[in-house]
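If you read the sequences in order, they're chains A and B. First residue of the first sequence? That's 1 in the working numbering, and the numbers climb one at a time after it. First residue of the second sequence? That's 1001 in the working numbering, and the numbers climb one at a time after it.
Among the clues, some could well be false.
As the list claims (entries may be wrong) - Looking from chain B toward chain A, a few residues come up when the C-beta cut is under 8 Å (computed):
| no. | residue |
| --- | --- |
| 1 | A1132 |
| 2 | G1136 |
| 3 | L1190 |
| 4 | N1510 |
| 5 | H1514 |
| 6 | G1518 |
Hints are computed from structural coordinates only; laboratory data are not their basis. We treat Cβ as the ideally placed atom computed from N, Cα and C, and that holds for glycine.
Take a look at the letters that make up each chain.
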Amino acid sequence: MRYVGLALVLALFAVAGWWVLQKQYASTDSQTPTTGAALAPEVETILSAKTGLLVALAADSEVVAAVEASNMRNASLSADDIRHLDAEWQASKTVTPQISQFMTNPTAKHLLAFQSGHPEFKEVFIADAFGLNMAQTDKTSDYYQADEAWWVNSFNGSAGRILHGDIEFDESSQTEAISAYVPVKNAAGKAIGVVKGVINLSALSSEL
Amino acid sequence: MLLASISFFFLAVAAASLIGIYQIGASTSVIVDRETPFVRSIEEALFSMIQAQFATERLLDLDSSSQTDESVQLKQTLDTANERFRMFMAAITWGSESDAFRQADGGSHVRAWQENGYRGTLVVQESSPVQAQHAGRVNIYYGGYVNNVQKAIEERERYISLEPKNAAEAEAARIASKEFQIKARHLADLTAENLREMIALSNETAAGSAETLRATEDSVRGSTLIVSVIGLLVTVAIGLSFAEKIIVEPVLSLAKVAQAFGAGKLTERVRIETRDEMAILGKAFNEMADRLAAHTTELESEVSKRTQELKQNFDKLQLANDRLRELDKAKSEFISVAAHQLRTPLSAIKWILGLLIEENAANLTAEQKSLLYKGFESNERMIALINEMLVVTRIESGKVEYKFAPTHIEDLIDNILLDFSAQAHIRSIKLSFERPSVGLPYIKADPDKIRQVLQNLIENAMHYTDDKATITLNALEKGSMIEVAVRDNGIGIPVAQQSSIFNKFFRADNAVKHQTDGSGLGLFIAKATVEKHGGTIWFESAEGKGTTFFFTVPVSAGDA
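Next comes chain A alone, as it looks inside the complex:
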């Protein structure tokens, strides 16, 4: 009889211990509230104007042609090739020839000219239909953008969508910025790439 009693007490032990653990883990909820307030209308207006500049850039025939050419070149790349190239890009600490080609090709020069005329854009680059960089004003951290939400949302499965992101902090320039994303469309109106422009917040402030 005493062993039955002992077994009951031990079972109670185990249950109580399990309950305590469950209670403890249940209380580990996130403490941080979320919010998603929109920007003020006047800021949205300025942002919209800046995005419009990118729309004009994306519609430029040179840019469209260059994106199409990039798509043709990259069509033969396999997923493993892309992974390999992206890994190499991310591992590089300096501007390698592989990276440099996208910063010096004609389209990159076109982007630099655009940037020169619109200094509020601290960075502009274009990714093709495969999400691969094809022209850029500055070194990006990676080569492959199709795994980024902004590319997926803006490319929108070839339908294309204009949008902007949240305020971000850029470590390298130590400035705050908002990015705008504009699809590059072919003559048929189908998205063939995405232009990303990073706009300094101070530029927005100065136009308020």
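Given chain A's structure and the hints, the job is docking chain B onto it.
What follows is chain B alone, placed relative to chain A:
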């Protein structure tokens, strides 16, 4: 399995407690290290903005030139407020200890932070992603505010400078200034709104952490209580289990063996297989049992030997006792025969002496008469002694017949006292009967035998008291018995001889000295007679002070 279960539970509760402690620490850290400095920084930024607004409003109200002292001072206030605002917003955005904060704006923020005494005293952590969004908006709106304020001030100054010369342009400048001022106010409102939103978010986070802290504290408290209660139960259960195994079972085993040993099974020994104090006790018990068994065996042997000796002695005594009985029987028979043989000639001598005295009284000299009387009295005493001896032999042989009948003890006592009254009168002895206030019931007795008992006791009292003594009789009813007492104030009985007073032929030394005559059989006969009646006889005596004899006789059944 037992240990595994216990280990699991304690590990689980320990883990829960550690999680709880970590959460408490994290929640406390959120409140103390993160949210409190964060909210303070936002409030400082808000205050700076209000200062800037105040300075701006004052500046734009001035009618005089921008070079006045007040104007210069207000502009400085505005600039300082703007710098403080940007400094706090930078700390909020990047964290006051970050490289970004140190390097931003050419290091101006970190210098100002140090100059204002915040370094080391106010540590602001970088914003969470949500707070960073708000901070970004604040920076945009405040940047816009500063631009519009600047433009409003510029237009205001242009208005002041143009007013005397070109009213139209001045008015345009004034209107432009107002518009910029309105826009600035709007942007300031947006800034304040976002700052307040950030404070609300921070307070919400702190409240959440406080709530988590409370919940965790409750949880840890509950866990501790559960651990304590269950731990206590398990400890008691395990303790009882172990106690039973280690203490109770060995003790019971020991008790069982001790009982068996006490019941005579001297070969029983304790078997305890542990190596603790119980084993020491068991070993000690076994050693004691060995010694006891050995002693018991020795004793039994000795007892057997002595028993044998005793039996032999007893047999010898038995033989001696039988022999004594035979001798006693022979003696009694001799006494009986001798007494019978003697009584006849003694009776004849009594008759002859009586006749001589009676018929020759006139012819005898005084001396002859005296001698004859003495011979007659001696013969009477011999006859009395022989009669008593015959009574004793009949008592001892169980041949005395008792004729029990309801007898009135008070009448019996009165009769006896009458018989002794003459003798008592001669000696001036006060002989009395203290009659009870209520009449006594009849006793069941042989009246002649009881009379003889009373006679013996009164005779003894008269023999062993001096002249002018007091002898008192009383009788009381005590339950189903009548208690009769004969009290005298005579010589008493010595303590050392009191135990022999009812023995045959025994007379105390002081009795012998006081009265040389006496057979020593009276009390023996009285005791035998009283006991045959179902009563008891006893006495109380003090040498030199007197003696009281008591005896009881049963009440007759008709009166009990």
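We went through each hint and held it up to the structure:
A hinted interface residue such as A1132/B counts as satisfied when its beta carbon comes closer than 8 Å to some beta carbon of chain A; here the least separation is about 7 Å, so the hint holds. For G1136/B, the interface hint holds, the least distance from its beta-carbon to any beta-carbon of chain A being 3 Å, beneath 8 Å. Annotation: L1190/B was flagged as interfacial toward chain A, and the flag holds, the nearest CB pair being 5 Å apart, inside 8 Å. Hint on N1510/B is violated. Least Cβ distance to chain A is approximately 82 Å, over the 8 Å limit.
About 87 Å separates the beta-carbon of H1514/B from the nearest beta-carbon of chain A, more than 8 Å, and the hint is not met. For G1518/B, the shortest C-beta to C-beta distance to chain A is roughly 86 Å, which exceeds 8 Å, and the interface hint is violated.
Hint check: violations occur at hints 4, 5, 6; the rest are consistent with the structure.
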